[in-house]
Amino acid sequence: MDITAWNWEVMTPEFIILGTATILSLIDLFMPDDRDRRFLGILGLLGVIAAGFYVIKFAGAEPVQIMNDMFRLDSFGTAFKLIFLTGVALLFILSIQYLNRQNQEVQYRGEFFYLVLTALLGMMIMASSADLITLFVGLEVLSVSSYILVGIRKKHLYSNESAFKYVVSGAIATAITLYGMSFIYGITGTTNLYDIAERLASAYQQGFSLMIYLGFFLMLVGLSFKIAVVPYHMWAPDVYQGAPTPVTAFLSVLSKAAGFAIIIRIFLSVFRSIVNYQSDAGSFYVLFQELNLYIAILAAASMIIGNTLALRQTNIKRLMAYSSIAQAGYILVPLVTFWGINFFSQTLFYLVAYLFMTLGAFAVIMVVTTDRGTEDIRSFAGLYHRSPFTAIAMTIFLLSLAGIPITAGFFGKFYIFMSSVLYENYWLAAVMMGTSIISYIYYFGIIRQMYMRPGDTEARLAVPLPAAFVIAVGVLGTVAVGLFPDLVLNYLNQNLQFTDMFARP
Amino acid sequence: MPLYTNNYVLVTIFLFLGILLPVAALTFGRFLRPNNLYPEKQTTYESGVEPTGESWIQFNVKYYIYALLFVIFDVETIFLYPWAVAYDKLGLFALIEMLIFIVLLIIGLIYAWKKKVLEWK
Amino acid sequence: MSEALSQVPLTSYLLVGLILFSVGLYGALTKRNAVIVLLSIELMLNAVNINLVAFAKHGLYPGITGQIFSLFTITIAAAEVAVGVAILMALYRNRGTVQVDKMDLMKR
Numbered sequence: 001m002d003i004t005a006w007n008w009e010v011m012t013p014e015f016i017i018l019g020t021a022t023i024l025s026l027i028d029l030f031m032p033d034d035r036d037r038r039f040l041g042i043l044g045l046l047g048v049i050a051a052g053f054y055v056i057k058f059a060g061a062e063p064v065q066i067m068n069d070m071f072r073l074d075s076f077g078t079a080f081k082l083i084f085l086t087g088v089a090l091l092f093i094l095s096i097q098y099l100n101r102q103n104q105e106v107q108y109r110g111e112f113f114y115l116v117l118t119a120l121l122g123m124m125i126m127a128s129s130a131d132l133i134t135l136f137v138g139l140e141v142l143s144v145s146s147y148i149l150v151g152i153r154k155k156h157l158y159s160n161e162s163a164f165k166y167v168v169s170g171a172i173a174t175a176i177t178l179y180g181m182s183f184i185y186g187i188t189g190t191t192n193l194y195d196i197a198e199r200l201a202s203a204y205q206q207g208f209s210l211m212i213y214l215g216f217f218l219m220l221v222g223l224s225f226k227i228a229v230v231p232y233h234m235w236a237p238d239v240y241q242g243a244p245t246p247v248t249a250f251l252s253v254l255s256k257a258a259g260f261a262i263i264i265r266i267f268l269s270v271f272r273s274i275v276n277y278q279s280d281a282g283s284f285y286v287l288f289q290e291l292n293l294y295i296a297i298l299a300a301a302s303m304i305i306g307n308t309l310a311l312r313q314t315n316i317k318r319l320m321a322y323s324s325i326a327q328a329g330y331i332l333v334p335l336v337t338f339w340g341i342n343f344f345s346q347t348l349f350y351l352v353a354y355l356f357m358t359l360g361a362f363a364v365i366m367v368v369t370t371d372r373g374t375e376d377i378r379s380f381a382g383l384y385h386r387s388p389f390t391a392i393a394m395t396i397f398l399l400s401l402a403g404i405p406i407t408a409g410f411f412g413k414f415y416i417f418m419s420s421v422l423y424e425n426y427w428l429a430a431v432m433m434g435t436s437i438i439s440y441i442y443y444f445g446i447i448r449q450m451y452m453r454p455g456d457t458e459a460r461l462a463v464p465l466p467a468a469f470v471i472a473v474g475v476l477g478t479v480a481v482g483l484f485p486d487l488v489l490n491y492l493n494q495n496l497q498f499t500d501m502f503a504r505p
Numbered sequence: 001m002p003l004y005t006n007n008y009v010l011v012t013i014f015l016f017l018g019i020l021l022p023v024a025a026l027t028f029g030r031f032l033r034p035n036n037l038y039p040e041k042q043t044t045y046e047s048g049v050e051p052t053g054e055s056w057i058q059f060n061v062k063y064y065i066y067a068l069l070f071v072i073f074d075v076e077t078i079f080l081y082p083w084a085v086a087y088d089k090l091g092l093f094a095l096i097e098m099l100i101f102i103v104l105l106i107i108g109l110i111y112a113w114k115k116k117v118l119e120w121k
Numbered sequence: 001m002s003e004a005l006s007q008v009p010l011t012s013y014l015l016v017g018l019i020l021f022s023v024g025l026y027g028a029l030t031k032r033n034a035v036i037v038l039l040s041i042e043l044m045l046n047a048v049n050i051n052l053v054a055f056a057k058h059g060l061y062p063g064i065t066g067q068i069f070s071l072f073t074i075t076i077a078a079a080e081v082a083v084g085v086a087i088l089m090a091l092y093r094n095r096g097t098v099q100v101d102k103m104d105l106m107k108r
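Chains as they are written, first to last, in this note's numbering: chain A, 1 to 505; chain B, 1 to 121; chain C, 1 to 108.
Any given hint could be a false lead.
To be verified - Capping the alpha-carbon separation at 25 Å, the derived lysine to aspartate or glutamate pairs in DMTMM-like fashion look like this:
| hint | chain 1 | residue 1 | chain 2 | residue 2 |
| --- | --- | --- | --- | --- |
| 1 | A | 165 | A | 198 |
| 2 | C | 102 | A | 105 |
| 3 | B | 114 | A | 28 |
| 4 | A | 57 | A | 376 |
| 5 | B | 115 | A | 9 |
| 6 | C | 102 | A | 376 |
| 7 | A | 155 | C | 104 |
| 8 | B | 114 | A | 111 |
| 9 | B | 41 | B | 54 |
| 10 | B | 114 | A | 198 |
| 11 | C | 57 | A | 198 |
| 12 | B | 115 | A | 34 |
| 13 | B | 116 | A | 105 |
| 14 | B | 115 | A | 375 |
| 15 | B | 62 | A | 458 |
| 16 | B | 89 | A | 33 |
| 17 | C | 102 | A | 28 |
| 18 | B | 41 | C | 42 |
| 19 | A | 154 | A | 28 |
| 20 | B | 62 | A | 9 |
| 21 | B | 116 | A | 111 |
| 22 | B | 115 | A | 198 |
| 23 | B | 116 | B | 76 |
| 24 | A | 155 | B | 54 |
| 25 | B | 114 | A | 9 |
| 26 | B | 116 | A | 34 |
Treat the hints as calculated values from the structure; they're not laboratory data.
The structure displayed is predicted, hence computed values, not measured ones.
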């Protein structure tokens, strides 16, 4: 075992992010208090871009793993890392705008930037490891950073309260996840996902199915906290409302994508191999025919609860929270109907679409709510007359979230819907269709405010340059992905061999 | 399995001994000591300072910050133990890795120092 | 004595873990004092440690991994609760309460 002989180069993106975060924290510490800290955001942005360069450079290569699978570079991880890095880059631009000199709410600006970077590090570890311990440490690096980010407005009552709620619900979720992991460890004696997969199959034959089910359900419930689907969604509205808007965008897009990365990685590689032999029914794969039913129930419940409760909301960030619960339900559907290699491209396509439309929507929400000083939906009234381009951009994001054609959201939903129908999972497809129609009511409610309701003021809304950039990128992404969905799908399928997730070099 | 049930017998014996010992000691003491009560003897601290106020008082919040710092740095040293145990097999590379780990911890300490957590105002 | 102790079946340890976990979950969901809520969460995490260490000794495949896992759990639990207490202190300075049922500003 020669540690120096390992291919440490594959960890370059992670090292860059770690180094940038460390340097930013030191610069921030030794800089006079009254200096403008926004250039830290630009430094962080450069670090993210450098990391992205290396991720793209390593893309498409054969899977590499070092440290006994504790770190694993494969196409699955690369795709998720690209989503994270794009999201964080846009978020940094948005935050540089948010943390301007007028904003006195956030006193700890340097901390804001490097906590986003440490959270990013956690997410990248979550996406590219094949070991339960490392995955768990990544999950916690993300969690602990985001607890602080939610509470970063130290004097703000809502921010304090939502941060505490987030810590408590997050820590309970961690404990539940770990309790599940301990059972899986107990019957396999290893934390390596591939070894677990092998030994779990034999443990199932030996009659330890109860412990496997226990581990599966506890981990499902615990991890559903990160993606805010049904058994663990109650924190989302309060935390989304209390967090600063860029952090809300972070939680709703990036933290959620990382949650999906860890859920897909663990469930597909650990529970995939369990085969049940029955004398009358022959053999079947337990995960894909038995356990998937429970994931389907969670997905359906998230769609129903998220979309119906969103109808009653008057606060825009709470509404987006319920909307994101429903969106997470949609993204779970491909996992239920795991159907060949298309599964990965369907999920990732929706995540890419979701990234652009949600970040764009939050950029608009940030501009409008800071301008009006309220987070009520009525702050959007008359937006079309105040700033037509912002209103049109927001309309595109909302149409995409609702799943109206020629937007990215439509194709994302369409592929997921078709996979559900092809798999003959008609009831789930029906729930998805029905709840999508319900969602039109509240999405169109905002659009109606923007075009048809008279606002309190007719003054032109000045959109600052960084926010305008993020909105423009969001519109471009949403429309381009919506017009040419094949381009994205082809890129994903040609450059990234997702099935190498199951291969162990 | 019989060995396992023997454990419970042991536990029961210990339980009985544990109850018996203080009871016996106190009973003996009661017979041996002179019984001469007067008011000073019944105060909480005989020949000490009388306690005043309520027992549920608020501690200064600074203690909590110290406690937090202590907990973090105390617990992080846990990772030094497995490294020290396997030091001979891991060699120089692990030493460098551990140094990086400790440097990161020191940055945490510098953070606490610059944020004036270590000062008692 | 140690010979006798190793005869204690795995289920006893798991039972202790389960009881700790349930007590912790109950406390975390029902207690009104925020500090007690954080303490209850620690109980849940310690239940995990008991499970891991018991499995490392008496599991189907005994090994050292479980003990290493529990080291990570301990440190991360400490970090998590430290952040929790820090946020609670900020909350207390602004609102003057640690009662969980008073934290209802966002309820309509």
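Each hint tested on the structure:
Proximity of residue 165(A) to residue 198(A) is assessed by CA-CA distance (about 39 Å); at most 25 Å being required, the pair is judged violated. A hinted pair counts as satisfied when its Cα atoms are at most 25 Å apart, and residue 102(C) with residue 105(A) qualifies at roughly 23 Å. Our distance criterion of 25 Å between C-alpha atoms is met by residue 114(B) and residue 28(A), whose separation comes to about 10 Å. For the proposed pair residue 57(A) and residue 376(A), the alpha carbon gap of about 45 Å is over 25 Å, so the pair is violated.
Between the alpha carbons of residue 115(B) and residue 9(A) the distance comes to roughly 36 Å, so the proposed pair goes past 25 Å and is violated. The hinted pair formed by residue 102(C) and residue 376(A) meets the criterion: a straight-line CA distance of about 23 Å does not exceed 25 Å. Using a Cα cut-off of 25 Å, the hinted pair residue 155(A) and residue 104(C) holds, with the two alpha carbons roughly 17 Å apart. Taking the CA atoms of residue 114(B) and residue 111(A), the gap is near 13 Å; set against the 25 Å cutoff, the hint holds.
A distance of roughly 22 Å separates the Cα atoms of residue 41(B) and residue 54(B); the hinted pair therefore holds under the 25 Å criterion. For the suggested pair residue 114(B) and residue 198(A), the alpha carbons sit about 51 Å apart, so the restraint of at most 25 Å is broken. Restraint check: the Cα-Cα separation between residue 57(C) and residue 198(A) comes to about 21 Å, which is no more than 25 Å; the hinted pair holds. For the hint pairing residue 115(B) with residue 34(A), the CA-to-CA distance comes to about 15 Å; that is within 25 Å, so the pair holds.
A hinted pair counts as satisfied when its Cα atoms are at most 25 Å apart, and residue 116(B) with residue 105(A) qualifies at roughly 21 Å. Between residue 115(B) and residue 375(A), the direct Cα distance comes to roughly 33 Å. Violation of the 25 Å bound is thereby established for this hinted pair. At roughly 51 Å between alpha-carbon atoms, residue 62(B) and residue 458(A) are farther apart than 25 Å, so this suggested pair is violated. Proximity of residue 89(B) to residue 33(A) is assessed by CA-CA distance (about 47 Å); at most 25 Å being required, the pair is judged violated.
Between residue 102(C) and residue 28(A) the alpha-carbon distance is near 36 Å, which puts this suggested pair outside the 25 Å criterion. For the suggested pair residue 41(B) and residue 42(C), the alpha carbons sit about 43 Å apart, so the restraint of at most 25 Å is broken. Restraint check: the Cα-Cα separation between residue 154(A) and residue 28(A) comes to about 18 Å, which is no more than 25 Å; the hinted pair holds. Pair hint residue 62(B) plus residue 9(A) does not hold up; C-alpha atoms about 44 Å apart against a cutoff of 25 Å.
The straight-line distance between the Cα atoms of residue 116(B) and residue 111(A) is roughly 16 Å, inside the 25 Å bound, and the hint therefore holds. Among the hinted pairs, residue 115(B) with residue 198(A) is inconsistent with the structure: their alpha-carbon atoms are about 50 Å apart, more than 25 Å. With a C-alpha separation of about 22 Å, the suggested pair residue 116(B) and residue 76(B) falls inside the 25 Å cut-off, and the hint holds. Between residue 155(A) and residue 54(B), the direct Cα distance comes to roughly 31 Å. Violation of the 25 Å bound is thereby established for this hinted pair.
Distance hint between residue 114(B) and residue 9(A) is unfulfilled; the C-alpha atoms sit about 34 Å from each other, more than 25 Å. A distance of roughly 17 Å separates the Cα atoms of residue 116(B) and residue 34(A); the hinted pair therefore holds under the 25 Å criterion.
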